[in-house]
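S.K.: If you're matching them up, the sequences are chains A and B in order.
Convert by adding 14 to the 1-based position in the first sequence; the result is the number in our numbering.
Convert by adding 14 to the 1-based position in the second sequence; the result is the number in our numbering.
The set of hints was computed from the structure by calculation and includes no laboratory data.
Check the hints yourself; a few may be wrong.
As the list makes no split between identical chains, a pair holds if one copy fits it or if it spans any two.
[Claimed, not checked] Derived DSS-like pairs (lysine-lysine); straight-line CA-CA distance at most 25 Å:
id : residue 1 : residue 2
1  : 117       : 203
2  : 20        : 94
3  : 92        : 20
4  : 117       : 57
5  : 117       : 90
6  : 93        : 117
7  : 203       : 192
8  : 90        : 20
9  : 20        : 192
10 : 203       : 92
11 : 117       : 94
12 : 192       : 94
The model shown is predicted, which means the values in this text are computed figures rather than measured ones.
There are 2 protein chains.
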Amino acid sequence: MALGVKAIPFTFVVHVLGIAGLILVLVWTIDFRGGLAWESTNKSLIFNIHPVLMLIGLIIIGGEAIISYKSLPLSKEKKKLVHLVLHAIALILGIIGVYAAFKYHNESSIANLYSLHSWLGIGIIVLYAIQWIYGFLVFFYPGGSGELRSACIPWHVVFGLVVYVLAVGNASLGFLEKLTFLENSGVAKYGSEAFLVNFTAVITILFGAFVVLSVLSQAPAEDDHSYSAI
Amino acid sequence: MALGVKAIPFTFVVHVLGIAGLILVLVWTIDFRGGLAWESTNKSLIFNIHPVLMLIGLIIIGGEAIISYKSLPLSKEKKKLVHLVLHAIALILGIIGVYAAFKYHNESSIANLYSLHSWLGIGIIVLYAIQWIYGFLVFFYPGGSGELRSACIPWHVVFGLVVYVLAVGNASLGFLEKLTFLENSGVAKYGSEAFLVNFTAVITILFGAFVVLSVLSQAPAEDDHSYSAI
């Protein structure tokens, strides 16, 4: 265990930052950018689905899935179920969010997959899915031998955290990219929208940092420490 | 210790990726962007100093400073000296690199400190300096008590890695931001320069990932494991 402090306070901070991030991204997309729509002649409303679903999905629910092992007063089996179900929801929302970005591009005749954000995004969603499938098979159903699980758990934790940190970093790239496009179209560089988007990105990064700190801290005493591979 | 594998192979990969990243950023700034200059009527040449120094400094030398504890066959005291000297060089190059960005902005009448990249960059360089000063005082001179050092080392490792990962993420933001500006000025989205910059960012991220994996893996057997706090 890396840090000699309890994880629970960090997980409270994660929840608060998650709520703050959710509010900020909704204020941005609804108040400043006109709202969300799956079908619309105003194609920007289709785009708006992308940041909302990516933030709620991969970042917030994905982060809650990670810390659920440290923060829930449940049995190991129940926590495992919560962990994999939350990650499945995160992944599904992430896939719909990625689809929304392509839909917006295609209906607006904007090129696909030329930016670093898009390249990394495709890579991350694929790695997230691989991590989920591998975790499901080894730790849930059918489940590997005790020896295999013991060998896999540190890699599961480290690989999962690497993919999660990449997702948080790529969310920041997305906020910067979109805001740069908007500023090129006339949005003020020091205006309220620019500050809102930058602060949303900062909150997202802090959220990710506190998820990582939760993992590196100590599980509650009653815990079986099965997750404390790091 | 998180991962039951030796760190040394990971550190070899770090060196190779570092050399690759260095070559790519030099090809970009010199071949595609006209070279580097501290004083020039072509202000873009002043900007070019920024990505080169940030990548060589905070990312490559900073990463080598981190893994030096795992990769060098030296005594603990000598490794500590290498670690702090490399981090000092990284920090100084980083400060000059940040100054170059301001110099370019000021001489080109471009606004300062409006973007997420600039906000995070200032925060990261300050945190990097705090981490260096605190590490110097506690672990080198005058040095804290054994008890204080033991209490501080896990936080030193975790805080250092968080700052380093933020630096790698912010380098990616910088590459994406600059390329987006260039594409708005006519650089082709699927052209060779765009691919070069995106691949440099991908190499930078892989470099950072392998630095983290080195830290999470096992020091050579003859090592005193003093750094193995995680």
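S.K.: When no copy is specified for residue 203 and residue 92, does a C-alpha distance of 25 Å or less occur within a copy, between copies, both, or neither?
M.R.: Close neither inside one copy (48 Å) nor across copies (48 Å); limit 25 Å.
S.K.: How do residue 117 and residue 94 come out at 25 Å by Cα distance, when the copy is not named: within, between, both, or neither?
M.R.: neither (34 Å within a copy, 53 Å between copies)
S.K.: Treating 25 Å as the Cα threshold, decide for residue 203 and residue 192: within, between, both or neither.
M.R.: both (13 Å within a copy, 16 Å between copies)
S.K.: At 25 Å max between alpha carbons, let me know whether residue 20 reaches residue 94 within a copy, between copies, both or neither.
M.R.: within (20 Å within a copy, 29 Å between copies)
S.K.: First find the shortest C-alpha distance between residue 192 and residue 94 inside one copy, then the shortest across copies, and answer within, between, both or neither for a cut-off of 25 Å.
M.R.: neither (36 Å within a copy, 43 Å between copies)
S.K.: I want to check one pair: residue 90 and residue 20. Are their C-alpha atoms no more than 25 Å apart within a copy, between two copies, both, or neither?
M.R.: within (18 Å within a copy, 30 Å between copies)
S.K.: Using 25 Å as the alpha carbon limit, work out where residue 117 and residue 90 are close: within a copy, between copies, both or neither.
M.R.: neither (40 Å within a copy, 56 Å between copies)
S.K.: Using 25 Å as the alpha carbon limit, work out where residue 117 and residue 203 are close: within a copy, between copies, both or neither.
M.R.: This pair counts as between: shortest inter-copy Cα distance 19 Å, intra-copy 28 Å.
S.K.: What label fits residue 20 with residue 192 when the C-alpha limit is 25 Å: within, between, both, or neither?
M.R.: Intra 38 Å, inter 41 Å, cutoff 25 Å: neither.
S.K.: Is it within, between, both or neither when you check residue 92 against residue 20 at 25 Å Cα-Cα?
M.R.: within (21 Å within a copy, 34 Å between copies)
S.K.: Reference check for the pair residue 117 and residue 57, CA-CA at most 25 Å: within, between, both, or neither?
M.R.: Within one copy, since 9 Å is at most 25 Å while 39 Å is not.
S.K.: Go through the copies and call it for residue 93 and residue 117: within, between, both or neither, with a Cα cutoff of 25 Å.
M.R.: Neither: 36 Å inside a chain and 53 Å across chains, both beyond 25 Å.
Hints 5, 6, 9, 10, 11 and 12 from the list above are not met by this structure, while the remaining hints are.
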